[in-house]
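> Each chain is listed here by its residues.
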Amino acid sequence: MGTMDPANSTPAVTIRDVTKRFGSVAAVDGVSLAIAPGEFFSLLGPSGSGKTTMLRMIAGFELPTSGRIELDGRDVTQSPPFDRDVNTVFQDYALFPHMNVMRNVEYGLRMKRVPKDERRTRAAHALATVRLEQFGDRKPDQLSGGQRQRVALARALVNEPKVLLLDEPLGALDLKLREEMQSELARIQRDVGITFIFVTHDQGEALTLSSRVAVFNHGRIEQVGTPREIYETPGSAFVAGFVGSASVIEGAAARALVGDDGPYSIRPERVTILAAETASSDANTIRANGQVTDVQYHGDGTRVQLQLEAGASMLAEVPNVGDQTSLPERGAKVTVGFRRSDMLSLHHAGAEPDQARAHVSRTHESGETP
Amino acid sequence: MGRDQGKLTPAESPSPRSGLRRRASRFFARHPGARVGAQIGAPGGWLLVVYIGSLTALIVTALYRLADDPTGLVTKLDTTIGFANFDRLISEPVYRNVALRTLQAAATVTIIDAIIAFPVAFFMGKVATPRTRRALVVAVTLPLWAGYLVKGYAWRSLLDPGGGALKQVLGHTPGFGYASSILVLAYLWFPFMVIPLFSGFERLPTSLLEASTDLGAKAGRTMRSVVLPQIVPSLVAGSIFTFSLTLGDFYMNRIVGGTTEFIGNVVYRQFSVDLPFAAAYAVVPIVIMVGYLLAVRRTGALDEL
Chain A
1 MGTMDPANST PAVTIRDVTK RFGSVAAVDG VSLAIAPGEF FSLLGPSGSG
51 KTTMLRMIAG FELPTSGRIE LDGRDVTQSP PFDRDVNTVF QDYALFPHMN
101 VMRNVEYGLR MKRVPKDERR TRAAHALATV RLEQFGDRKP DQLSGGQRQR
151 VALARALVNE PKVLLLDEPL GALDLKLREE MQSELARIQR DVGITFIFVT
201 HDQGEALTLS SRVAVFNHGR IEQVGTPREI YETPGSAFVA GFVGSASVIE
251 GAAARALVGD DGPYSIRPER VTILAAETAS SDANTIRANG QVTDVQYHGD
301 GTRVQLQLEA GASMLAEVPN VGDQTSLPER GAKVTVGFRR SDMLSLHHAG
351 AEPDQARAHV SRTHESGETP
Chain B
1 MGRDQGKLTP AESPSPRSGL RRRASRFFAR HPGARVGAQI GAPGGWLLVV
51 YIGSLTALIV TALYRLADDP TGLVTKLDTT IGFANFDRLI SEPVYRNVAL
101 RTLQAAATVT IIDAIIAFPV AFFMGKVATP RTRRALVVAV TLPLWAGYLV
151 KGYAWRSLLD PGGGALKQVL GHTPGFGYAS SILVLAYLWF PFMVIPLFSG
201 FERLPTSLLE ASTDLGAKAG RTMRSVVLPQ IVPSLVAGSI FTFSLTLGDF
251 YMNRIVGGTT EFIGNVVYRQ FSVDLPFAAA YAVVPIVIMV GYLLAVRRTG
301 ALDEL
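Residue numbers (my numbering), protein chains in the order written: chain A, 1 to 370; chain B, 1 to 305.
To be clear, the hints were calculated from the coordinates, so they are not data collected in a lab.
Among these hints, one or two may not hold up.
[Claimed, not checked] Pairs of lysine-lysine residues, derived as DSS-like cross-links and limited to a Cα-Cα distance of at most 25 Å, are as follows: (1) K116(A) with K139(A); (2) K139(A) with K112(A); (3) K126(B) with K218(B); (4) K112(A) with K218(B); (5) K162(A) with K116(A); (6) K116(A) with K218(B); (7) K162(A) with K112(A); (8) K218(B) with K162(A); (9) K151(B) with K167(B).
With the hints as constraints, model all of the structure from the sequences given.
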């Protein structure tokens, strides 16, 4: 009870083959998605990948060139924003500067002609949810960035929409505040149970917060899946490279290391730099010789860029624990080792999302064999 | 395998120069006050002499009066300070009426311009593509490139009741009078209302309009509750132009206004007859504008100028 199976219930949002063209450019190109009620769903991609345009079409600020958008089973493709049961948290917060915080939060309720007393109670409750009870009388320009962000959240949540749309809401905050707001957002979403659709270009943010992630590239969805699926079994070279870092190995290099042309991807933290004298004891461990071309210190770890003798470049991450003198220097010849199962096949690069999902679950299973 | 060590070349210490220009630069770098003084000293001085000076002369002249001259042949100024001129322009109904009519004309022109400019500027700032926007900015400001008299006489030939273009095409013309003065002045000052409004709309974040519709407001409600309060300073900034330009205008009224008189016409007529009274009457629009500016200072509109 409580948790709904996406397959059996009406999705909160259904997107069917939606395309949006600006002139000759397809900003969103044939996207289909089903988002279940109560999900924290992220649209992840680089700038210009179509994720924000997709969000704006769900909100009603843009109309699709073709395709269909349903909210809770109802076709809203052509409905204006004020007729849709969704609310948006804008990237620049879009608080009304001439109204105080309380009036900002009440605005949606006032439009729905909710009586004054109920309005006050609900707005106060929404402000309490974002921990700004004391700030009702302030004007937006008397608040910090993080506080404005939370007012924007309260102003949207107070309407109890079916779906809350968040357009890179944490983009303007500094790192520390952003991390605080991330856990705050997760808490609020758990408390209110509203479906969140969250646009971000920050893969870390998407992985941390989401129940599922859709990775956008060039107006199309490259892959849809849980954060773990996206990270551990990327469906394409783009996803492997955009979500976390990965080295893509293909062609002759892949043949020399694994036995076929690939392409494969491998995460830097799965590559170990071996002491030269270690003998190959494990049949599952692939060894390769190479030369260090760059060493980057990252605080919690050190990234070592290698040029393999087999002909590909590969990234290895050495955690910064204990003795630091063993780190190789630029130009050093080293041997690296990694498990065969950590080489992830990218055979279905560029596949349709549905096929990509099928592929992801297949490789996921095969990836667990020892 | 060791890292390449970049060879340290001994840095050349800059030889201290002591040229006059360098010394001056150093002085200005250390004394920001002197820097500001040097920058605005000359134009500031010019402003002080020409602007404040002439204004002071005007106000002082308004306090003089014509010397009594029994022959009526020579006009001489009596430079004793007094408020006789102001008493006269308040007590004589004709001057009070002209002042009120001028005030009414300024208000009417301002309201007409605001009503027409609002949708035009909204379209320019929020709807039009950058290309259309540029074209519209040029179109709106284009009349400013034509001379005042050219526009005045062009309108005169349009409005002429004895066979002007309006009469021939529409069969009707307001002729020469108060209505025509309002019409032509509204046309003349229109760009001064559109441009501040346009820049106000351009600065108004589109996300505010989207947030309003997102929260359930229809277009009219968004205009009233979000756009209008945000645009009031720009509206006031534009009105300062249309209002003060109309208050001070007199020649357009001579071209298309028929027998209608504004403050400017009276000042012009009195100028050669009774200079102190003309000066006193010219103070009236200044006082009105000072009052207006003080009233609108609260709206923040003066930051828009």
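> Please go over all the hints and tell whether each is borne out by the structure.
These are the hints, each one checked on the structure:
Simply put, K116(A) and K139(A) have alpha-carbon atoms about 20 Å apart, close enough for the 25 Å limit, and the pair holds. Restraint check for K139(A) and K112(A): the C-alpha separation of about 23 Å stays at or below 25 Å, so the hint holds. Between K126(B) and K218(B), the direct Cα distance comes to roughly 17 Å. Compliance with the 25 Å bound is thereby established for this hinted pair. Distance check on the hinted pair: K112(A) and K218(B) sit about 11 Å apart at the alpha-carbon level, within 25 Å; holds.
The hinted pair formed by K162(A) and K116(A) meets the criterion: a straight-line CA distance of about 23 Å does not exceed 25 Å. As the CA atoms of K116(A) and K218(B) are separated by approximately 20 Å, the hinted pair is consistent with the 25 Å bound. At roughly 16 Å between alpha-carbon atoms, K162(A) and K112(A) fall within 25 Å of each other, so this suggested pair holds. Only pairs whose Cα atoms come within 25 Å are accepted, and K218(B) paired with K162(A) is accepted, the gap being roughly 20 Å.
About 18 Å separates the Cα atoms of K151(B) and K167(B), which keeps this hinted pair within 25 Å; it holds.
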